[in-house]
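2 protein chains.
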Amino acid sequence: MKHIEGGICAAKGFKAAGIHCGIREGRTKRDFALIVSEKRASAAGVFTQNLVKGAPVVQSIRNLKDGHASAVICNSGNANTCNANGMEIALGMCELVHDHLQIDPEDVIVASTGVIGQEMSLTPMAAGMKELVGALADTPQASKDAAEAIMTTDTKLKEIAVEFEIGGKTCRMGAISKGSGMIHPNMATMLCFMTCDVAITPELLQKALSENVKDTYNMVSVDRDTSTNDTLTIMCNGLAGNEEITEEGAMFDEFKKALFECTSYLARATAADGEGATKLIECNVTGAKDKATAKILAKSVICSPLVKAMIFGRDANCGRVMCALGYAGVPFEVEDTSVTLRSRVGSVLVCHNGNGLAFDEDKALMVLGDDEIDIDISVGNGDGFATAWGCDLTYDYVKINGDYRT
Amino acid sequence: MKHIEGGICAAKGFKAAGIHCGIREGRTKRDFALIVSEKRASAAGVFTQNLVKGAPVVQSIRNLKDGHASAVICNSGNANTCNANGMEIALGMCELVHDHLQIDPEDVIVASTGVIGQEMSLTPMAAGMKELVGALADTPQASKDAAEAIMTTDTKLKEIAVEFEIGGKTCRMGAISKGSGMIHPNMATMLCFMTCDVAITPELLQKALSENVKDTYNMVSVDRDTSTNDTLTIMCNGLAGNEEITEEGAMFDEFKKALFECTSYLARATAADGEGATKLIECNVTGAKDKATAKILAKSVICSPLVKAMIFGRDANCGRVMCALGYAGVPFEVEDTSVTLRSRVGSVLVCHNGNGLAFDEDKALMVLGDDEIDIDISVGNGDGFATAWGCDLTYDYVKINGDYRT
Chain A
63 MKHIEGGICA AKGFKAAGIH CGIREGRTKR DFALIVSEKR ASAAGVFTQN LVKGAPVVQS
123 IRNLKDGHAS AVICNSGNAN TCNANGMEIA LGMCELVHDH LQIDPEDVIV ASTGVIGQEM
183 SLTPMAAGMK ELVGALADTP QASKDAAEAI MTTDTKLKEI AVEFEIGGKT CRMGAISKGS
243 GMIHPNMATM LCFMTCDVAI TPELLQKALS ENVKDTYNMV SVDRDTSTND TLTIMCNGLA
303 GNEEITEEGA MFDEFKKALF ECTSYLARAT AADGEGATKL IECNVTGAKD KATAKILAKS
363 VICSPLVKAM IFGRDANCGR VMCALGYAGV PFEVEDTSVT LRSRVGSVLV CHNGNGLAFD
423 EDKALMVLGD DEIDIDISVG NGDGFATAWG CDLTYDYVKI NGDYRT
Chain B
63 MKHIEGGICA AKGFKAAGIH CGIREGRTKR DFALIVSEKR ASAAGVFTQN LVKGAPVVQS
123 IRNLKDGHAS AVICNSGNAN TCNANGMEIA LGMCELVHDH LQIDPEDVIV ASTGVIGQEM
183 SLTPMAAGMK ELVGALADTP QASKDAAEAI MTTDTKLKEI AVEFEIGGKT CRMGAISKGS
243 GMIHPNMATM LCFMTCDVAI TPELLQKALS ENVKDTYNMV SVDRDTSTND TLTIMCNGLA
303 GNEEITEEGA MFDEFKKALF ECTSYLARAT AADGEGATKL IECNVTGAKD KATAKILAKS
363 VICSPLVKAM IFGRDANCGR VMCALGYAGV PFEVEDTSVT LRSRVGSVLV CHNGNGLAFD
423 EDKALMVLGD DEIDIDISVG NGDGFATAWG CDLTYDYVKI NGDYRT
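Those sequence lines, one after another, are chains A and B. Heads up: the first sequence begins at 63 in this note's numbering, then just goes up one per residue. Heads up: the second sequence begins at 63 in this note's numbering, then just goes up one per residue.
Warning: the hint list may mix true and false statements.
Any copy, or any two copies together, can satisfy a pair, since identical chains are not distinguished.
What the hints assert, rightly or not - For lysine-lysine, the following DSSO-like pairs were computed, each having C-alpha atoms within a straight-line distance of at most 27 Å: (1) K319 - K461; (2) K351 - K231; (3) K353 - K276; (4) K218 - K461.
Keep in mind that the hints were calculated from the coordinates and are not lab data. All values reported here derive from a predicted model rather than from experimental measurement.
With the rest of the complex left out, here is chain A (with noise of 0.2 Å):
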């Protein structure tokens, strides 16, 4: 498996852009992307579980249903949910790819990002439709484009690609994707897009969609707030020319690898963009009873406040740790639980047996220096171990979203 550059124009077939179409008054920033497949696609989506969905994800839930899609259009700047013509924008927005380039509206993915309940209207899509389509291209340039334009609040554009083999055929994957506040995604993260030339069935691909999130996106959080416009999605237009993935096996395993090499590193890297994050959070905890035991409580770690405010501190304070597993709701043996707090410059066992132990302060602070922080935690004998990735919480948490809608 390779690293490349091309982000979600380094598989065959697929072009890219993001412009500014002025989805908010002021802003100068992109905001209006598209992502095209030249072959009608296998695809798959994930999505948020939260009752209030929005508009988009309803829509593209709708559109998914046959398995396929050829095209991505997605705003950032609205979140286009509680407002009373969402069906109709949204439905609106995949009416503007069918208009500019043949594609069956029902083979669009839609969605958008941004404020939730404020009036939204389609004209500034619709005037600028036309840029957006001319300025399509399978360029890596285009893919940086379009992450741009789906960005908010994020500081850092997240794109990956990797290229890796099937069958003996070079396959490629990449995407694009952001979510820096409102994330504690439930079933799929903010916004992510994947675009990948393999040919492989819609059935199999959305199992290993399905599954993958459960691992990556699905354990990431960065304030325990599940949006409403929650939507991961996946276009393999098979282009790489594979044999056809029509069964589970070697081939089906080769294609989980690149899709968790994917996820599981934009997952990452939502959780380090945190809104006003500094440090990267990551809780291994092993020895659990099982798997889905260890998944809540290295959850229930990350996603503490308390924890989160002693990390950015630099605080060594193992009394936080033990109480966000203790209260995470499932049993552990408290007795054989240990605590190391673990960076790329050290690391310090701060919790032995349950007990808080006296530590070399000065390593603490050395450790908690890093901006990549890992907590490891034992948890007795068992088998099921998990990672969950969170942030820190900052002074800049609290001032972003004091004044986000403003």
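Following the hints, put chain B in place on chain A, whose structure we already have.
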């Protein structure tokens, strides 16, 4: 029901004291509290559901099994949790009460609050016990001293006392409470000690208390971190001279009213004094299909970091309220949902029929300028309603928790 002075010393036959004994080096705040009933009292308690329980919680649960107690002893500065000699110290504190006051150690409620997972010694308490016992008094000041001694990051002393009648007898009930961070009680609050001179059986007392917390302390959240040491206890010594309450009925209802008056007052005060908080948030959900649903919805809203930050920033962002309702995990009528922001200076409807509304921004800013903000939410035509209390998320929360331990 009349509010009166005196806190935990208002009820007949109770004395209290709070002194500085030096649990944490370099601090001069009172850190050691004692409450004593002159007569062995019916007693009940509710405690944290965190799997990691402080040693004092374990000891108090054991000591309250027989439904009676005569004293409460409590220190701040160290939670006596996740330290190897925890049970020894918890028991040692009960024995200090026995040694100085000839009270059976099993009739002592013991509690500790402060840092988790740090070494602890009985020495400062053993040395200070004589002074603590000497300071016992039934004055309003003695209640305040005890209330101060149990505070940690609290900025406000929390106490209450009420006077009411049962069967023609004047009865009194009082309480002191603390809690500011790690506040997301599950079956109980951080620490609240209540005294009362009503005669009531231990069984009915426990029933009243267990029911009460479901609508009071368990509806409060500062940061979703359920502490390891949450403890709420009450001692009723019967000195008011009322006919003992031995069954449900009018007298029991009067008692429950007084209990609700005290705990709801302190639960609100706890939310208002959340770490770093500048505003109390009260969320009232009506129209849910049942009370359980309403409670989950209300709590989801006051727990949302994005809602909390928006209240701090005086930003009437209804989308965040809708989002928090949506991920609460219970059904409601999205399309019938309305959201009103309200304070003592006015109110503004920000969401109707599930959709955001255009509203007067200046008025919203004025409404959100108050320090007590109500979020009134109607989610349909059901009978279920509930209230939850929280606070805004501020820079100071991050500051306090970035360097609490050091």
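Going down the list of hints, with the structure as the test:
For the homomeric pair K319 and K461, neither the shortest alpha-carbon distance inside one copy (39 Å) nor that between copies (42 Å) is at most 27 Å. In this assembly of identical chains, K351 and K231 lie within 27 Å of each other by CA distance neither inside one copy nor across copies; the values are 41 Å within and 57 Å between. Within a single copy, K353 and K276 get their C-alpha atoms as close as 11 Å, which meets the 27 Å cut-off; across copies the closest is 32 Å, which misses it. In this homomeric assembly, K218 and K461 come within 27 Å of each other (Cα to Cα) both inside a single copy, at 18 Å, and across copies, at 25 Å.
Going through the hint list in order, the structure does not satisfy hints 1 and 2.
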